[in-house]
Amino acid sequence: MNEKRKILKDFIVLEGLDGSGTTTQLKLLTEALLSHGSSVFSTCEPSPLPTGKIIRQVLEKEISVEAETLARMFSADRYEHLYGKSDGIIKHLKDGDVVITDRYLFSSLAYQSLGCDFDFVKQLNPYPLPEYLVYVDVTPETCRERMTGRELEELFDGDDIQMRIVSNYERGMAAFPESGMKLLRIDGHQGPDEICSEILAGIGR
1 MNEKRKILKD FIVLEGLDGS GTTTQLKLLT EALLSHGSSV FSTCEPSPLP TGKIIRQVLE
61 KEISVEAETL ARMFSADRYE HLYGKSDGII KHLKDGDVVI TDRYLFSSLA YQSLGCDFDF
121 VKQLNPYPLP EYLVYVDVTP ETCRERMTGR ELEELFDGDD IQMRIVSNYE RGMAAFPESG
181 MKLLRIDGHQ GPDEICSEIL AGIGR
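Heads up, the sequence shown is in our numbering, so the first residue is 1 and it goes up one at a time.
Hints listed in this document are in silico derivations from the structure and should not be mistaken for laboratory results.
It is possible that some hints are incorrect.
[Unchecked claim] SDA-like mimics (lysine to any residue), calculated; alpha carbons at most 25 Å apart, straight line: (1) Lys9 to Leu183; (2) Lys94 to Ile203; (3) Lys53 to Lys85; (4) Lys6 to Lys182; (5) Lys27 to Glu60; (6) Lys182 to Glu45.
[Said to hold, decoys possible] What follows is a list of derived Cβ distance ranges for each label pair: (7) Glu145 to Gly96: 37 to 45 Å; (8) Glu66 to Ser38: 38 to 46 Å; (9) Ser197 to Thr139: 18 to 26 Å; (10) Val65 to Asp160: 37 to 45 Å; (11) Glu198 to Gly96: 23 to 31 Å; (12) Ser64 to Ser38: 39 to 47 Å; (13) Glu60 to Ala201: 22 to 30 Å; (14) Leu183 to Tyr79: 20 to 28 Å; (15) Pro50 to Gln190: 15 to 23 Å; (16) Glu66 to Gly191: 35 to 43 Å; (17) Leu183 to Gly96: 20 to 28 Å; (18) Gly37 to Asp160: 26 to 34 Å; (19) Lys53 to Lys91: 32 to 40 Å.
Backbone N, C-alpha and C define an ideal beta-carbon position, used for all residues, glycine too.
I would like the entire structure built from these sequences, with the hints used as guidance.
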């Protein structure tokens, strides 16, 4: 039996490997939509909230926790990110904003499933789905080249790990086949402006 989840209209999620360019696209899409007259709230996960700041310490290897603990931390951060009364995603959508986030629950399915059971991670994230899931598709080799010279080694670096993350992303994107969520798979080897234009066309903006 396929799981049915609520779709959040005007909610756009950017996903991809580290180095795929999602952070750049968050900036470009926000600028483009603002120039078209839309009201936009751009955000990211881990969130800027206290919960997200602790997660970043784990990712940057400043502190260490068990894989299951990290998966639960991401879910808790996501809950606050979605439902926070003052600045949550749901509030911004109700206020009429287009919301774009760099990463969402699909990142948990891709990354936290490295150390935990996939279905366990999915159950930890019973959250609504975006209207548009944009996957910026770039090979691990290209991502590695783009990130050469980065001073900080993070928790999920490494070619073998990246290939497993790609596999988990594929499984995660196929996990909600009848939800009504629109999946846009974008070739991330193009230039940033070309990628942004393709995304805008895909979301009808």
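Right, here's what the structure says about each hint:
| no. | hint | verdict |
| --- | --- | --- |
| 1 | Lys9 to Leu183 | 14 Å, holds |
| 2 | Lys94 to Ile203 | 19 Å, holds |
| 3 | Lys53 to Lys85 | 19 Å, holds |
| 4 | Lys6 to Lys182 | 13 Å, holds |
| 5 | Lys27 to Glu60 | 23 Å, holds |
| 6 | Lys182 to Glu45 | 20 Å, holds |
| 7 | Glu145 to Gly96: 37 to 45 Å | 40 Å, holds |
| 8 | Glu66 to Ser38: 38 to 46 Å | 41 Å, holds |
| 9 | Ser197 to Thr139: 18 to 26 Å | 22 Å, holds |
| 10 | Val65 to Asp160: 37 to 45 Å | 22 Å, violated |
| 11 | Glu198 to Gly96: 23 to 31 Å | 26 Å, holds |
| 12 | Ser64 to Ser38: 39 to 47 Å | 41 Å, holds |
| 13 | Glu60 to Ala201: 22 to 30 Å | 36 Å, violated |
| 14 | Leu183 to Tyr79: 20 to 28 Å | 24 Å, holds |
| 15 | Pro50 to Gln190: 15 to 23 Å | 37 Å, violated |
| 16 | Glu66 to Gly191: 35 to 43 Å | 41 Å, holds |
| 17 | Leu183 to Gly96: 20 to 28 Å | 25 Å, holds |
| 18 | Gly37 to Asp160: 26 to 34 Å | 46 Å, violated |
| 19 | Lys53 to Lys91: 32 to 40 Å | 21 Å, violated |
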